[in-house]
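Novice: Given chain G, put chain H with the ligand in place with the hints provided.
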Amino acid sequence: MPHTVPDSQLVRRAKAGELAAFEELVSRHERQIYTRAFRILQNSHDAEDVTQQAFLSAVENLGQFREESSFATWLYRIATFAALKLIRKRKGLDTISLEAATEPQEDYASIPHPEYIADWRQSPEQLVHRHETRQLLDDALAQLDEKHRLVFVLRDVEGLSVAETAATLELSEANVKVRLLRARLQLREQLTQTLGNPARRLVHEHHHH
Amino acid sequence: MKCEELLKLLNEYVDGTVDPAICTEFEQHMAGCNPCQVVVDNIRKTITLYKNGQPCELPVECRDRLHAVLRERWNQAPPAK
Ligand SMILES: [Zn+2]
Chain G
1 MPHTVPDSQL VRRAKAGELA AFEELVSRHE RQIYTRAFRI LQNSHDAEDV
51 TQQAFLSAVE NLGQFREESS FATWLYRIAT FAALKLIRKR KGLDTISLEA
101 ATEPQEDYAS IPHPEYIADW RQSPEQLVHR HETRQLLDDA LAQLDEKHRL
151 VFVLRDVEGL SVAETAATLE LSEANVKVRL LRARLQLREQ LTQTLGNPAR
201 RLVHEHHHH
Chain H
1001 MKCEELLKLL NEYVDGTVDP AICTEFEQHM AGCNPCQVVV DNIRKTITLY
1051 KNGQPCELPV ECRDRLHAVL RERWNQAPPA K
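In order, the protein sequences belong to chains G and H.
Using my numbering, read the first sequence as starting at 1 and increasing by one per residue.
Using my numbering, read the second sequence as starting at 1001 and increasing by one per residue.
Calculated directly from the structure, the hints in this document are not laboratory data.
Treat each hint with caution, since some may be false.
Claimed, not checked - Taking lysine-lysine pairs in the BS3-like style, the calculated list, with each CA pair at most 30 Å apart, reads: (1) G/LYS147 x G/LYS89; (2) H/LYS1051 x G/LYS147; (3) G/LYS85 x H/LYS1051; (4) G/LYS91 x G/LYS147; (5) H/LYS1008 x G/LYS147; (6) G/LYS91 x G/LYS15; (7) H/LYS1051 x G/LYS89; (8) G/LYS147 x G/LYS85; (9) G/LYS147 x H/LYS1002; (10) H/LYS1051 x H/LYS1008; (11) H/LYS1051 x G/LYS91.
What the hints assert, rightly or not - Pairwise CB distance ranges, derived in the manner of DEER restraints: (12) G/GLN9 x H/ARG1065: 24 to 30 Å; (13) G/ARG66 x H/MET1001: 46 to 52 Å; (14) G/HIS129 x H/THR1024: 16 to 22 Å; (15) G/GLN64 x H/ASN1075: 17 to 23 Å; (16) H/ASN1034 x G/GLU125: 21 to 27 Å; (17) H/LYS1002 x G/ARG88: 36 to 42 Å; (18) H/ARG1044 x G/PRO198: 18 to 24 Å; (19) G/LEU19 x H/THR1048: 52 to 58 Å.
It should be emphasised that the depicted structure is a prediction, and the values quoted were computed from it without experimental measurement.
All residues carry an ideal CB built from backbone N, CA and C; glycine is no exception.
With the rest of the complex left out, here is chain G (with noise of 0.2 Å):
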């Protein structure tokens, strides 16, 4: 089926029954949805169960399905959903919040200060069509703690506002934003080891704070 059908119009034929549409829907589909399912839960076991999930749950509801939105962001907000229910069934939490309630509140104390400062040899461009680069930010994003990475991928990666990502996860907008930080720090940290052109390095000098 060529790209030029639009969505929208895929959906409508699946919503009167025709299978084939909503198979290149699938099709279209599954690449990202997997991705996201991975980022989030990291295991692609997990990821494989939650892309079945994700796009059952599209067949159980696209009835349902208003196009409000785009077909993309229903199916997304669904995944996302499902990635997250996982991650709470895995701890053995129901419909707790992700939150463990004794867990101190981070603060910008703590913040580390940037370590490797350095230009980068490439342009983000140049570097998204490179094999390695995946690798690189899936690596960087595993070190991350989990309350790190979930905030990161929901507000950096799907494009969640911060309250959007706040109410999904539970959490306060402050958290988040804390949270935010810290991840983006480490990521930039851990890429710029990579990707950072090591003859100009520059060092931060801490005396004139």
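Specialist: Just chain H with the ligand now, kept in the frame of chain G:
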């Protein structure tokens, strides 16, 4: 503004939600502090890379299983009644 204060405001600055008066201070600091300028640039690029990164390939067996499960469900209960 000191480097440390800049660090705390980094999210708001990068996301464009910082108050205009603070934004000016932020930019004045960066104009005189090359490391902070590079950190901000690195952060922007980090976010861009993750946003625009290529999705992973779905393993072939995984894709086959997915389509088989979906076809089965579809045939049991197609969405159109
Ligand atoms: Zn500075």
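Novice: Are the hints correct? Go through all of them and say.
Specialist: Verification of the hints:
Taking the CA atoms of G/LYS147 and G/LYS89, the gap is near 16 Å; set against the 30 Å cutoff, the hint holds. A distance of roughly 19 Å separates the Cα atoms of H/LYS1051 and G/LYS147; the hinted pair therefore holds under the 30 Å criterion. About 23 Å separates the Cα atoms of G/LYS85 and H/LYS1051, which keeps this hinted pair within 30 Å; it holds. Between G/LYS91 and G/LYS147 the CA atoms are separated by roughly 13 Å; this keeps the pair inside 30 Å, and the hint holds.
Simply put, H/LYS1008 and G/LYS147 have alpha-carbon atoms about 19 Å apart, close enough for the 30 Å limit, and the pair holds. Distance check on the hinted pair: G/LYS91 and G/LYS15 sit about 36 Å apart at the alpha-carbon level, beyond 30 Å; violated. Pair hint H/LYS1051 plus G/LYS89 holds up; C-alpha atoms about 28 Å apart against a cutoff of 30 Å. Between the alpha carbons of G/LYS147 and G/LYS85 the distance comes to roughly 15 Å, so the proposed pair stays at or under 30 Å and holds.
Distance hint between G/LYS147 and H/LYS1002 is fulfilled; the C-alpha atoms sit about 28 Å from each other, no more than 30 Å. A hinted pair counts as satisfied when its Cα atoms are at most 30 Å apart, and H/LYS1051 with H/LYS1008 qualifies at roughly 23 Å. Between H/LYS1051 and G/LYS91, the direct Cα distance comes to roughly 28 Å. Compliance with the 30 Å bound is thereby established for this hinted pair. Look at G/GLN9 against H/ARG1065: about 27 Å separates their beta carbons, and that is inside 24 to 30 Å.
Checked against the hint of 46 to 52 Å, the pair G/ARG66 and H/MET1001 passes, with Cβ atoms roughly 48 Å apart. Between G/HIS129 and H/THR1024 the CB atoms are about 37 Å apart, so this pair departs from the stated range of 16 to 22 Å. As the Cβ distance of G/GLN64 to H/ASN1075 is approximately 20 Å, the hint placing it in 17 to 23 Å holds. For the hinted restraint 21 to 27 Å between H/ASN1034 and G/GLU125, the CB-CB distance of approximately 24 Å keeps it satisfied.
A C-beta distance of roughly 40 Å is found between H/LYS1002 and G/ARG88, which places it inside the suggested range of 36 to 42 Å. Between H/ARG1044 and G/PRO198 the C-beta distance comes to about 21 Å, which sits within the given range of 18 to 24 Å. Checked against the hint of 52 to 58 Å, the C-beta distance between G/LEU19 and H/THR1048 comes to roughly 38 Å, which is inconsistent with it.
When each numbered hint is compared with the structure, violations occur for hints 6, 14, 19.
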